Amino acid sequence: MSGAIISIRDLWMTFPGKRVGENIHVLENINAEIMPGELVCIVGPSGCGKSTLLNIVGGFLPATKGEVLVEGGPVAGPDRRRIFVFQENGVFPWLTVTDNIGFGLQDQPESERQRIVAHYIAMVGLKGFEQSYPRELSGGMRQRVEIARALAANPDIIYMDEPFGALDFITRMKMRADLVRIWQSEKKTILFVTHDIEEAVQLSDRVFVMSKRPATIQENVEIDLPRPRDLDSRGYLEKRDHIFRAMGMSLRVGEAS
Amino acid sequence: MRSVPKILLPLGVALVLLGAWHLGVRIMHSDLFPTPFDVARGIMELLREGLLLKYIVASLFRVTWGFGLAVLIGVPLGLVLGWYAHAYMAWNPVIQILRPISPIAWIPLAILWFGITDAAPVFLIFLASVFPITVASTAAVHNMQPVYVRAARNFGLGQFQLFRQVIFPACLPQILTGIRIALGIAWLVVVAAEMIAVNSGLGYLIIDARNAGKRYDLVVAGMVMIGLIGLALDLLVRQLEKFDEVRWGYAGTAR
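Going down the list, the protein sequences come from chains A and B. Anchor point for the first sequence: position 168 equals 168 in this note's numbering, and the numbering is continuous, going up by one each time. Just add 1000 to the spot in the second sequence (first one is 1) and you have this note's numbering.
None of these hints come from the bench; they were simulated from the model. Nothing here was measured: the structure is a model prediction, and the numbers come from that model. Treat the hints with caution; some may be incorrect.
[Said to hold, decoys possible] Facing chain A, a subset of chain B residues (Cβ under 8 Å, in silico):
(1) Val1147
(2) Tyr1148
(3) Arg1150
(4) Ala1151
(5) Phe1155
(6) Gly1156
(7) Phe1160
(8) Pro1169
(9) Gln1239
(10) Glu1241
(11) Lys1242
(12) Asp1244
Don't be surprised by glycine CBs; every beta carbon is placed ideally from N, CA and C.
Only chain B is shown next, with the shape it has when bound in the complex (with noise of 0.2 Å):
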């Protein structure tokens, strides 16, 4: 029974969200702006068309090299810099400089150096998740608990034993958590990457669904797709939390 309000909780205020959707559309007699049934035809549309799966075939390669790349590079460094005071000291100012431009910013430079190519965005996502994951990882070594490097220590383990069999394991709650919310920024950021640069993805059907003739079903239909498609992300890496190498790291949660 506890279950029944879970999902019917939420699905009720959806239902009343599209209704008063459905009702506006009717009242102001739009003719452009579409109700959620042509939203749902859109969709059925690309479908059918290919379309659809082919762009978030697209979409998702993009963030996949751009976002496995930032993890890739993000977390070593991270953990480096974390853990040498002196390399901290040298980078830390560089990277809080370079971190709160905004990704959208380097569109220009992006386009210079990669031209049209999926290069171009595959940067820009790279860009956009690199600092919160080093940021992440950096500040899981400040705040390990020490007690787990002197046991190593006492155990004999080398520098790189001990990167490997206790420092990154005892950051990895904390780096995963990083790992969520830089793959929700990565996300927001493949859109706007596509609208500019590129010829497929779910951020050129909006702009091209718009351009080509105004179909703002089309448009809409879009952000659907990636409404839905970030929340299941976020769903995915939620389940890489419950693996015991890590879920001790999440106090509270229902351990």
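Next comes chain A alone, as it looks inside the complex (with noise of 0.2 Å):
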């Protein structure tokens, strides 16, 4: 398929075991194509290699076999026009929200610069917490700080590795629904991981299901449900039940799967 802006070939990951010459083999064969613009959600258990995926996609660790085409090059490393939002919030503590966001846009003059990061600072909802230092902020805080830090690099590719992992549950819908706002206005392409199938189903266009390691996608389940996605439609709770059996788990609460 021609046009993607990512795609994965025959990828295969191995790390070297506790022991000499025992090999943890955490992806096998992996094939992917992601279309400009998609939001496409990554599932699959705790551990089962996926967040492996996205680095090796996003750069930061090389493959075993097999090779990464993004924007039509092979990826040699990380790049600042694909920008990653890291599970364990890589916010800078020692920089205010705005001097965060304005990270990726040193080369830029100081006016273009502030207005830019007054942009985004907008879109994420941190108006009035400019000269805050993250220390201040909450978690959900802390994190909207990031996503615009990449937004405002005007990356061509976001790539999220469980971004949304560490926040209570509210909070996490929330963000979940700005990111889908903000990802309609910005029309990026999003490369989305998390282990939550709700999550997963809300927020993409389609859904890897990958499975237990070694790990390969065993499904590429399209979500194709209007936005404003209604949480309790028939479509939903369909492509959600599907993604839960496809996973092997069973929908009932204390019966053994």
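Using the hints, put the two standalone chains together into the complex.
Shown next, in the form of structure tokens:
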């Protein structure tokens, strides 16, 4: 298929184990294509290697075998046109909200930098916190700073590694709604890793369901539901239940799986 | 109300100790050992003669140079050793061998190399403080959250900018703790160094007061001044820990 912004071809990943000669096969024969402007989620059980996959695509980790083509070229390392939003929050605690968001804009003239930072502070709802330090913000607000920092650098792609994993339920719901709104206005390609099936169905155009280790993409589920998504609708529940079953999970709490 | 015991308690302990000291001297009928009042009079005498300020300035001058050089060299050296694994491999054993040698042991060599100039105590203070600062800076890099470096790489920072904009600020809280410890050591060492090599400073005051007439009131006056200035220096560095650029790094301390 041509026109893909990200092509993952026959990707394998093996880590050396604790004992000499022992190898841990994490990823096995991963093939996937992501189109420009798509919001794609990768879901899978904990420890299946979905973060490893995202780190390889993001250029932070070399694959054992296979290749990743992004915007037509092989990935050689991290790139400022593709910004990573980290699970553990990569906001710099020694900089204010303003300086964090402007971090990727150092080659811009000061006035332009200020304009862009102000724009994204408003977009992620952090007006009034411009001069605050991360330690003064809640976990959700810190994650907003990181998302704004990524957007301000005007990348083509944003990689998100369980960015809402450490947040409480209500904050997480708000963050998802905001992410979809921002994605719709910014038209970025987003590749989003999560272990939360509901999150994946609420957010994405497509969901890659990964198997246990050694992981492959066992299913590629199209989420052709209109936005804003109704979490009570039949369509939503069908997609959700389909992925639950694909991951071998029971839909009844207390039932042996 | 809560701040009252914070002042009263230590003040009470100090008064009790001073009282015990005073009574002790009286009961023993010591001719040489001074009472707290003798010491206070000694401090006033030094003040009148202009010696106190002169000696304090002399000691602080030596600490400023020796300690300043140690910061200027120790911090970058520590950061580089922390970041480049091969540099660490090569240099860490040498540092670990030099580090436990007391600065006092260097006194003969310091005099041999620098004579009885100010350079000798400055060199000793430098030696005393450069190792704790280097080791703290190296450890800071090793303990740094890797996510900051990954984020910086993602934004395309080159090696120098990475050091300046990310590694240094990320390590600064821990470096500052190392600097505080090193300053305490530097202050210990300046006094020891002045007892041997020079003719001014608080260390010299103590030795000179004893040698020139068994003026133990001035000996203890010198000791009291050393303690008070040491406390002031520590409080000064602690103020630095309150800056927003480093405050995030001190968990628990009423952020």
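Structure-based check of each hint:
no. : hint    : result
1   : Val1147 : holds (4 Å)
2   : Tyr1148 : holds (6 Å)
3   : Arg1150 : holds (6 Å)
4   : Ala1151 : holds (4 Å)
5   : Phe1155 : holds (5 Å)
6   : Gly1156 : holds (4 Å)
7   : Phe1160 : violated (13 Å)
8   : Pro1169 : holds (4 Å)
9   : Gln1239 : violated (18 Å)
10  : Glu1241 : violated (13 Å)
11  : Lys1242 : violated (13 Å)
12  : Asp1244 : holds (5 Å)
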